[in-house]
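Enquirer: These protein sequence lines are chains A and B, in that order. Residue 56 in this note's numbering sits at position 55 of the first sequence, with consecutive numbering throughout. Residue 249 in this note's numbering sits at position 217 of the second sequence, with consecutive numbering throughout.
Note that these hints are calculated values from the structure, not bench results. All of these numbers come straight from a predicted model, not from anything done at the bench. You may find that some hints are simply not true.
[What the hints assert, rightly or not] Partial list, derived from the structure: chain B residues whose beta carbon lies under 8 Å from chain A:
#	residue
1	Gln161
2	Met168
3	Arg169
4	Gln170
5	Lys171
6	Cys172
[Claimed, not checked] Straight-line alpha carbon distances no greater than 20 Å define the calculated DMTMM-like cross-link-like pairs of lysine to aspartate or glutamate that follow:
#	chain 1	residue 1	chain 2	residue 2
7	B	Lys119	A	Asp61
8	B	Lys171	A	Glu47
9	A	Lys75	B	Glu106
10	B	Lys171	A	Asp57
11	B	Lys119	A	Asp51
12	B	Lys117	A	Glu47
13	A	Lys27	A	Asp57
14	B	Lys259	B	Asp227
15	B	Lys117	A	Asp48
16	B	Lys171	A	Asp58
17	A	Lys75	B	Asp114
18	B	Lys259	A	Asp57
19	A	Lys32	A	Asp57
20	B	Lys119	A	Asp35
21	B	Lys205	B	Asp185
22	B	Lys146	B	Asp114
23	B	Lys171	A	Asp77
24	B	Lys119	A	Glu47
25	B	Lys117	A	Glu17
26	B	Lys117	A	Asp51
27	B	Lys117	A	Asp35
28	A	Lys32	A	Asp51
29	A	Lys32	B	Glu210
Just so it is clear, CB atoms sit at the ideal spot from N, CA and C, and this is done for glycine as well.
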Amino acid sequence: MTNKEKYNEAFCNAFEINQDQLNGLKYQGIKLWDSVGHMTLVANLEDAFDIMMETDDIIDFSSYEKGMEILSTKYDVQF
Amino acid sequence: MCNSDSSLTGKYALITGCNRGIGKSILQHFAEKGVNIIACIRKKNEEFDVFCQKQMELNQISIHIFYADLLEEESVRQFVSDLYKSKLPVHILINNAGVVSKGLLPMTSMQQLKDVFQINFFSQVQITQGVSKIMMRQKCGVIINMASIGGMDAFPAYMSYGCSKAAIIYFTKTMSQELASYHIRVNAVAPSMTDTSMKEEMGELANMEIQRRCAIKGLIPVNDVAKIVLFLASDDSSFINGQIIRVDGGM
């Protein structure tokens, strides 16, 4: 599985959505991506990429695209 | 539920500040129940190493020792990062480490206040942030914070200490609400004067005042506090959440 596929799967599992809903998805843009859902997403991503996200990055993680930027620049996850 | 008193065996408990006093007694009580220990202490201590080795042999458990200076945010961050990398589960977190600080208001520097809060509050929050994420994935866990009667009752010259412990009490109550949906319980123990080196640090005047207010006189044995912690970690207390358990002889 590629990193992009793992990333997408983390979102789909956390928010019970399909891959075609991911582009442009923003925090609190759908019902399940609330603060609790955000923590589920973070847990999924930490598991998928074997990382521990810093609190500041969890706060900055505001969209599907922003998340990829954070993971690639700070956690060496290449997409 | 992931713990019961009889099934604590094989679980992992992270205990901060467990090389002496209450923390060491908690470690011993958990070890005797077959709980594996993740010890977080400030620096390497050979006497503690020997103690841990003995506990491991006696109780057939593992003890993993990590070092962190709770006064330094970066040191705590590194500890949490190392804990993640170790892949150890954490079923029980005991935020025990703390320092005493005393001084009348005009004699309390802002730096002193910040240092007390860094050790007694901010570092505990930082550790809990990391460990609660592990527990959220497990969908179970118990967090026990070491508060103090000083966080509820006022004593002259203990503003900084009391405020830091009051913060831990509020933190306990808030976290108990926030983490309950993940089956994580959060409680605190608030002892009065225990029979540890802290009594010397508190000073004779504070000791006398505490004794004056106590219905049952005398120092509280550390074992009494450790047994409450053991109870709170077990399934015997599965519906106790967000509580501050005073161990004070009746003040």
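Enquirer: Of the numbered hints stated previously, which ones are contradicted by the structure, given in increasing order?
Expert: Numbers 4, 5, 6, 7, 10, 16, 18, 19, 20, 22, 23, 25, 27 and 28, in rising order.
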